[in-house]
Amino acid sequence: MPEKVFVSHSREDEDLVNRIDRALKIVDYDTLVYEWEEVGDHVEDDEEIIRKMRECSACFVFPTPTVQGRSVTPAWLIAESTIARVQNTPTVVFKEEGDDYEINFPYFHALVVYNREELALEIQERMQALSQVGGESAAGAVTGGLAAAAVVGTGGAALLGGLLGAALADEEDGTAPTVRCPECNKSFAYWGTPSSFNCPHCHTPMNEDEHETAAE
0 MPEKVFVSHS REDEDLVNRI DRALKIVDYD TLVYEWEEVG DHVEDDEEII RKMRECSACF
60 VFPTPTVQGR SVTPAWLIAE STIARVQNTP TVVFKEEGDD YEINFPYFHA LVVYNREELA
120 LEIQERMQAL SQVGGESAAG AVTGGLAAAA VVGTGGAALL GGLLGAALAD EEDGTAPTVR
180 CPECNKSFAY WGTPSSFNCP HCHTPMNEDE HETAAE
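To convert, note that position 87 of the sequence shown is 86 in numbering that gives the first Met the number 0; the numbers rise steadily by one, no gaps.
In case anyone wonders, no lab produced these hints; they're calculated from the structure. Possibly wrong hints are sitting among the right ones.
To be verified - Simulated crosslink set (DSBU-like; lysine-lysine; CA at most 35 angstroms straight-line):
(1) Lys185 / Lys24
(2) Lys24 / Lys3
(3) Lys3 / Lys185
(4) Lys51 / Lys3
(5) Lys24 / Lys51
(6) Lys185 / Lys51
Sequences and hints are given; from them, build the entire structure.
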């Protein structure tokens, strides 16, 4: 049975989610979404979210520009990422290049700054390459991919962390750098073309080279 990725998003970004879903299916992962819009603005169903999150190996959060126009979606993204924390589920915040809209995320292991037109294709190409790797080489790719999320343990969660690391990390060494915010002191993996970005928690401007932590 395929493992699952919980996708926290706005319903208006369904096309982006569908493209990522197709890319992840290459390595036998399914995406799982919960449409808060279907239950109304004032209805919370935490138990259902918790149940769905338990089925998943990771949580992908998409605070896209379309979220800004929704009255309650930002709160839902924070709620879902917080439930991921309770479930000890590795969480990745995906931030679109050039988007200056910020949400204060209290919990995440990695930040991906992406180009909307290229993200799904990049993941698909790397997933195709990863699907051809076997044995000890595959294990190395998995365990090397998400150093910032090492504390969450092993199994499916660590596998998906490595999967994402293999998909978007620097090609030279196969791992993404870990950076530390100088303001809130949060450490997280960073993948993206821009060397400058903001901390997903406190929005402090950061630079990949300046704030990369030394390898232990």
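* Proposed proximity, Lys51 with Lys185 (alpha carbon, max 35 angstroms) -> The given pair, whose Cα atoms are some 27 angstroms apart, holds under the 35 angstroms limit.
* Decide if the proposed pair is consistent with the structure: Lys3 and Lys185, CA atoms, cutoff 35 angstroms inclusive. => With Cα atoms ~26 angstroms apart, Lys3 and Lys185 stay inside 35 angstroms; holds.
* **Lys51 paired with Lys3 [C-alpha distance capped at 35 angstroms]** => 10 angstroms, holds
* Distance restraint between Lys185 and Lys24, which requires alpha-carbon spacing of 35 angstroms or less -> Holds, at about 31 angstroms.
* Asked: Can the restraint linking Lys24 and Lys51 be considered satisfied, given a maximum Cα separation of 35 angstroms?
  -> Roughly 19 angstroms between the alpha carbons, so the hint for Lys24 and Lys51 holds.
* For the pair we were handed, Lys24 and Lys3, check the Cα-Cα distance against 35 angstroms. => 10 angstroms, holds
Of the numbered hints given earlier, the model fails none.
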